[in-house]
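**Q** Okay, here's what each chain looks like letter by letter:
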Amino acid sequence: MDRRWYTLPIIVMGVLISFILAMMFGASHYAFGEVWSVITNLDMTDKTHQILYEIRMPRVLAALVAGFMISIAGLVLQSVTHNDLSEPSILGINAGANLAIILAALLIPTLSFVSIMLSGFAGGMLVGLVILSVTRSRSPLHLILAGAGISLFLYAITDFLVITNDLGQYMTFFTAGGASGQSMGNLAIVAPLAIVLVIGLYFMAKELDVLLFGDEMAVSLGQNRGLYKWLTLVIAVMLASIAVAMVGNVVFLGLLVPHIVKMIYGNMHKYTIIYTGLFGAIIFALSDMFARVFNEAPVNAVIAMIGLPFFIYIIKKRGGQYA
Amino acid sequence: MRNAYKLTIAVILLITVVIASLVTGTFNLTFEDLVSLVTGRAGENVMTVFFDFRMPRIIITLVCGAALAISGLILQAISRNALADPGIIGVNAGSGFGVVLFITFISGSMSQHLYALPIMSFIGGLLTVLIIFSLSFMSGEFKSNIFILIGIATAMGVTGFVYVFTSMFDTEQMEMLNRYFAGNIWGDTWAFVWISVPYILIIMVFVYSRIREMGMLNLDDEMLIGFGMNVNREKIILIVFAAMLSSLAVSVCGAISFIGLIAPHISRMMFGQNMKMLFFASTVMGALLLTTADLLGKLVLEPMIIPAGIVVSLIGGPYFVWLLLKAGRV
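As they're listed, the protein sequences go chains B and R.
Each residue of the first sequence is one higher than the one before, starting from 1 at the first, in our numbering.
Each residue of the second sequence is one higher than the one before, starting from 1001 at the first, in our numbering.
Careful: at least some of the hints might be erroneous.
Simulated coverage check for chain B against chain R, where a stretch passes if three residues somewhere in it have a Cβ under 8 Å from a Cβ of chain R [stated by the list, open to error]:
| hint | region |
| --- | --- |
| 1 | 4 to 10 |
| 2 | 46 to 59 |
| 3 | 187 to 200 |
| 4 | 259 to 266 |
| 5 | 304 to 314 |
Counterexamples of contact, computed for chain B against chain R with all Cβ distances above 12 Å [said to hold, decoys possible]:
| hint | residue |
| --- | --- |
| 6 | W36 |
| 7 | L154 |
| 8 | K206 |
| 9 | L212 |
| 10 | F294 |
Hints listed in this document are in silico derivations from the structure and should not be mistaken for laboratory results.
Idealized CB from N, CA, C, for every residue including glycine.
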């Protein structure tokens, strides 16, 4: 047993604590006892229980699951693209998913949640393909600019659809980000899927380590780097696009969390995948809680308050690489 | 000499688009109306349509297109990166934040205070760029790549904050914000022309006075220092100009991206690398692109008007992706 696993129980406790905190605080506050009794002894005739179980709980769980997925997607994208600054929203994957979702919702208004997820994945994957074909031998800056430009373009098309079809409320949801309006039914689909995808990634932890070292290393170790690069990329895009379907375009989270985890636990994916997921769940659930406390502020604003300074810090620290 | 031909053709194209924009719209003017305008025998309503509605809009569109193009040209020269654009590095987001603050805190009838709007937007855009700029120094030296990276991140972050206040907005206010972000040319009266165009023109003259230094910036920093150029100072001055140009333009014509990217690029393909030539060519190309976008947005889905910013992005986006793929192969 490696000592890097010793902290795992603490982090898992952290997830539970953040779940309970997020259940307690929000637009209106509830005591710990009430939350506890909802978990242990649910009584649907009680009005408080009803609110907590039907509105608050799906939202908190959605935030936990989304944070888990987005952060792991960010981690994998950083390894696959060899770029410290990669993250689903910076690379434009979120914009692609967002556009595909809006397009699908326009064509078939009575779309089920699963098909929304699927169309999001198709859109995200398309951007992923372009991004990966662009990154081959270019500088980190080139990749980030590519992502920013593609995002701008895709958001313009989305805007166009929104304006010509009068869909303003959709747009605000996706750009502001937030875990509201989720049902337990959606979660029952997303959570198992996310866990299966992450287990799949976990089996490729070693291959991801090799990818991180670079293409030459992969070749000299005899790895089929094309296969693993694509496989991990597809899973990362899938995680990111499902998260978009649930909580909209969340910025910085996929950048922030993997960096913190790598600072503590090093670069081995065996550890970072698990810790990134759990840390991501905690941070997103708590950000969503703060967003609720501050009069339903967009969760992106909350995350950006930590994320933006952190981004600038990373750039400054590793400046030589980008300058 | 051949460059002069090409530039002439571009200018003729520009004039055609301008005339087409002047005569089309909800109230179509005929050719006779135009002739009567020139000869001074036009009727009252033709005069009103032409001078009060069409003229200010076309002037704003021309000048803002040129300003965005020059801003992009400067940013590309400084960063030595053909993909730099004022919209990508956070000017639009910063201006948008200024617009949101304006809408939030100036309650009541907005049309009364409408002229304060571009000022707020200008301050928002300029402040954002200057903050990004001040963060881009490493050990006393300005790093343009870091400037671009921080700009992109700031654009992402600020967009989140824009929506902090929108939960308090009513439908009318929300529509106003969406119009800004879609790049709808809203400052289309004479008052807007007077508060933006003179400043843009003055800054453009200043930029032109530094054209020689701009052309030299594609050389190595060490070499330039060897020539006796104060590289840091030149870059700082040029960045401030670029920031002022783009935030002025965006403040009257909404969040428009990609012009600063495409116009210099097309100019480079057509006219080569001479910076003086590029300055004029980009000016013409920028003006041509924005007026064409505005015209197309007006005509394609008549009577619905597609904001010029969206049209520009719909044209510019594929161009951008093409540029990327092409660059990826090299």
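**Q** So which hints don't hold here, by number, going up?
**A** 1, 2, 3, 4, 7, 10
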